[in-house]
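First to last, the sequence lines map onto chains A and B.
Here the numbering used here is used: the first residue of the first sequence is 512, the next is one more, and so on.
Here the numbering used here is used: the first residue of the second sequence is 60, the next is one more, and so on.
Mixed in with the good hints there might be a few duds.
To be verified - Cut-off 20 Å, straight-line C-alpha distance, at most; resulting in silico cross-link-like pairs (SDA-like, lysine to any residue):
1) Lys513/A with Leu547/A
2) Lys418/B with Arg637/A
3) Lys418/B with Val653/A
4) Lys418/B with Ala664/A
5) Lys418/B with Glu745/A
6) Lys96/B with Glu176/B
What the hints assert, rightly or not - Some chain A residues near chain B, calculated using beta-carbon distances under 10 Å:
7) Ala534
8) Asp573
9) Asp642
10) His705
No lab work stands behind these hints: they were computed from the structure.
Every value quoted in this text rests on a predicted model; they were computed, and no experiment measured them.
Where is the CB? At the ideal position from N, CA and C, for every residue including glycine.
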Amino acid sequence: MKIRVGHLYPDYLNIYADRGNIAVLSRRAALRGHELGVASVSVGEELQPGEHDLLYIGGGQDREQALVAPDLAAKGEEVREAVAAGTALLAVCGGYQLLGRGYSGRHDVDMPGVGLFPHETVAGDRRMIGDVLLECELEPGVRRTLAGFENHAGRTRLDPGAKPLGRVIAGFGNDGESGYEGCRVGRAVGTYLHGPLLPRNPWLADWVLSQALAHASGGEPPELEPLPDRLEAEAHAVSAQRARDRGGRL
Amino acid sequence: MSARLAVASLAARAAARLSRLAGTGGGTTLPGKLLWKLDPAAIDALAARLPHGVALVSATNGKTTTTAMAAEILGDGHRLAWNSSGANLVSGIASTLLASPDAELGLLEVDEGALPEVVQRVRPRALLLGNLFRDQLDRYGELEHVVERWRKTVRRLDAETTLVLNGDDPQVGDLARERSDAVTYGLDDPAQARPALQHAADSRYCVRCARPYEFAAAYVGHLGDYRCPACGHARPELQVVGRSIELRGLESASFELVTHAGQTRVRLPLPGLYNVYNAVGAAALAQVLGASLEEIRAGLERFGAAFGRFERIAAGDKTLLVLLIKNPAGANEVIRTLQDGGVPPLLLVALNDAIADGKDVSWIWDVDLEPLLARTERLIASGERAAELGVRCVYGGLPEASLEVEPDLERALDRGLQLTPERGELVILPTYTAMLALRHLFTERGLVKPYWERS
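Isolated chain B (complex conformation) (with noise of 0.2 Å):
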């Protein structure tokens, strides 16, 4: 290490013991910030000091659990620099990168935004491109503006990395034509397409010729297998795939994990399809990294959850379901699993719109709750925008006395559980804030340990 950055390293931990022992968070972003301001090459050494080298992960939706698989199957092998809490911007890279000098492979998830730098600064040994919906376009940008900084950071990729590409969408799975070695993995079994393009499907025009695609198969949102019937742009080869998925409804999901290296049955504690699109991209990429398929069988059926993604929380003899929605995208599939599971009865939502939730909050109209508002007995809806959040739920045909409206986090968090009958489960769907937000509240109350003192 240089002297300069073994300075700049100091430094940046003691900032991160002052924010734990101040009590305003984890620290897991202050101390890379000011690493970045000492020294901004620092990131760049950091990662080149890892002997195992450093693989990312982005997408839009699921980079966050797909990264927490991979740390699963390969936890064992290597010790490693894992953004856990999902601190994906630089500065979030830069702290865990800091805080875990012994490590020696990095996994890390990576904003869309942020990859191109973070790629320029890693150089990855292994990167994972998962997939692109709409979201957040007041921070991001157009999608299309996305997909090429991608395509450009794709370009100027080292030879010796290997690119690990969902081919289930079109603009990602495209992105091969660019490295003829690229692994490219996905799913393959038509009884789980939806039957029609959900209202957010995103890419569903050919990026060649703009097209209409036809999908022999829509999974989620525009992934799946399709063909421009004009110019005949296609779903890519899959080198690793899912196939016969079985969903059981709130609880698991099984499929068959397909890969050259053989085939084995996974059984993952988690549910629905979007976290076998997780656990399929993890397989591929802990396979890049040398994992055996036992491994990532092994690995797989161990998994928790992920931060706030699927979270079962006890408060009492009472439990606590955390779901996040970010996008539209994301949240079909998080109501699709609800609706394979039975429609709770009462559900809390809880809509905020800081930068990191977007300031934008037009996304939860293009979502389709229509499902939820059917069904559900009651909804609490809470957050910033709650206003906002029950004017979508009364237009989209829940009854206005099934509605409750409670913008304070806390106090929206107490009704909920008051509705809830003895052993049952409150399904709670927040955005990201309000996520954070809420696990505050249960670490004050108890019911989690603060995420910085987790394993």
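Excised from the complex, chain A in its bound form (with noise of 0.2 Å):
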């Protein structure tokens, strides 16, 4: 089945392999005879809510951040009723800021949210920075651990009663205090983790693809074939110590 991706603003969020996280997609849904097709909607372009099973957003440095949240937020409304109506969407970092309510800077930098997750960002003063590993439940009973890196200096705080994405055991999370780390709405999650966040982590990778396909298809998140894994496990064992030995504590 064809898997339609929007990916948005490569040419300005694309720190921190965010392209990995796509080769990830990709690759793993051809081993499983699907095929990923990745459309840029940039700057200036229409975004059809209808048009993808997934969006997928990035990280960016602020100055190419502040570039493009005028145009994300312009087009807020298209993304919240995409999601609404099933479609997956997966945000790292400077784009998982961008997608709740706003980003309030420290230089008077105010720069609006699309207001797809119900959290706030306001910049602190030190960047928290280090490998983090969480647990996650996307499923109830079935727990799996997320290893990665985080960089960023905005304090996220979720609305009273948000799903985060998981719980933090090593590293600082949405805002260093409340021991949470991402969001979740619907077929949408947002994190601050990249490093990058699906080739140590393809367990997320294969829920990505599964909800990405729920909306391909109109049916349910389909079980995807399993994969060896057997390097990608190694990865996400050595990523997930050093976030126990030296990630940032809360």
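Since each chain comes alone in its own frame, lean on the hints to assemble the complex.
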């Protein structure tokens, strides 16, 4: 089956291996007989809510982030509508921040947000940088770990009752205080973890693919045939150990 | 020398000897750290003693090689205080000054983050700023912040300091606005331009109005001949230029060096367009420091290789070729050069994640490894993050059967040598601390001298 991916602002938000996440989705789809078709949706280009099965938005440095923020905010209604209609979405770091209600920077730089995730982000004095490890339970009773790297000045505060992506085992997470990381709304997942996220956490790559396939087929998320993932597991283990040894302390 | 500086210097030199005797290293930063503790102003005083002053070189990529090239050009005419092993933080610079009591001219590469403090302390006679690429964002923070700190540093320079800038980098070239007498250098040879900006190109949006630049030519990452179609911000006029460039695979490069003092053909015994950048930068700096065109040409033509950067090392009847990789832009140029010379059938790539390498290894995904992965027959992934590197290669198209993952560097080296045919060459791409560890192995095996014993 063809999975239509809308990659938001790949020419601006492409730091920290965002294309690694796309490469992982593409190969893991292909190994299961599916095809990932990736189209760029950048500044000044229209986003049609029904056009994609998966939206992806990555991270950028402050400057690039500020350059896309107004354009993304203007696409807010389409993004929210798409996710409400079952489109899957993965947002990393800067993209994750901008999909909340907004980002207040230090030098009176206020960036408007999309209002998809129920959170607000405020710049802090000290960047939260380091290896990070989470425990997630995306499906009831199925607990999995996510290992990555975080590097953000923003403190993201979830609204009461909002669903985080996971609980922080080691590292800072959303704000360095709450003990939670990321956010989930429907088939949309946002996180600070790059490093990159999907190559060393293949289970999440498969979860995202499965959600996208559900949108593509109009049915339930399918079970994907397991892959050996020997190297991926090794990379995950080293990254997780790094977080335990040297992740930022809450 | 003040009594206090003399005492502090003695103690620090003793520490260097102890460090070497203990076999813990070259003593390249320990004495400096000690000196800094004993007398923080000692660096200022040590620098002020140098009769021909101090020249500083900073950049994301190429600072070690550019400084080494300038040292080759200027070493005949001056006794140098030169941090040849790349100890480029304040402590390393203090150690270098301390270890060279008879030096006349300081020639020092400086870490991008440490630049403001070093400039303030040593009050350089000349300052070369080469380029800024995304690099170790976990350590330096975002590129924009480094640029801002550099701009403030440039504004505070003494009036006598000569600023030497790579005009081909939009962020660096723009600093010329701060100093009307800045010397700018760059390349001018559209035949060497890349067809498109690379994935990891950083400064692609106008520094003034944020519209995308149009590049008449992009040479290395975002370095090139840029112009903003909206506001007209463009590459400044270049005063020292590399033209008519010829690249000869993995062996050498040559170019026409054009300056206000005339022009000359330089045959560089190093390959790669990025080394032409380093050479043109070194030429511009050396000229500011009084070198003649002939001295510049001769110095560049007898240049060997800087520490771990394109070093060829004999190992019995085989050779090792070590090419440091440390960030996307630098690694892309190494890969481009390997492609020009023919992709080697066997590669050893070593990825570590210590602070000096960057704890965040995500940068390997921003490197355009694919051309190598499509053509090499076997790749040994090593280092502390070998598995991560292996995953990167497989998702980048390397058949799993062509990949070997061996985190232990010594075993990986032995395996690589075992697979290298007689009289063949093993190409090794290590990150910084992996390079140091490999050099340590080479030293133990008697292949190279320890770096603190080299000239």
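For each hint, the structure was consulted:
Distance check on the hinted pair: Lys513/A and Leu547/A sit about 6 Å apart at the alpha-carbon level, within 20 Å; holds. Taking the CA atoms of Lys418/B and Arg637/A, the gap is near 18 Å; set against the 20 Å cutoff, the hint holds. About 30 Å separates the Cα atoms of Lys418/B and Val653/A, which puts this hinted pair outside 20 Å; it is violated. Proximity of Lys418/B to Ala664/A is assessed by CA-CA distance (about 17 Å); at most 20 Å being required, the pair is judged to hold.
Our distance criterion of 20 Å between C-alpha atoms is met by Lys418/B and Glu745/A, whose separation comes to about 17 Å. This hinted pair checks out: Lys96/B and Glu176/B have alpha carbons roughly 15 Å apart, not beyond 20 Å. Because the smallest distance between the Cβ of Ala534/A and any Cβ of chain B comes to about 5 Å, under 10 Å, the interface hint for this residue holds. A cut of 10 Å between beta carbons decides the hint on Asp573/A: the least distance to chain B is about 6 Å, and the hint holds.
Interface restraint check for Asp642/A: the shortest CB-CB distance to chain B comes to about 7 Å, inside 10 Å, so the restraint holds. Hint on His705/A holds. Least Cβ distance to chain B is approximately 5 Å, under the 10 Å limit.
Hint compliance for this structure: hint 3 alone is broken.
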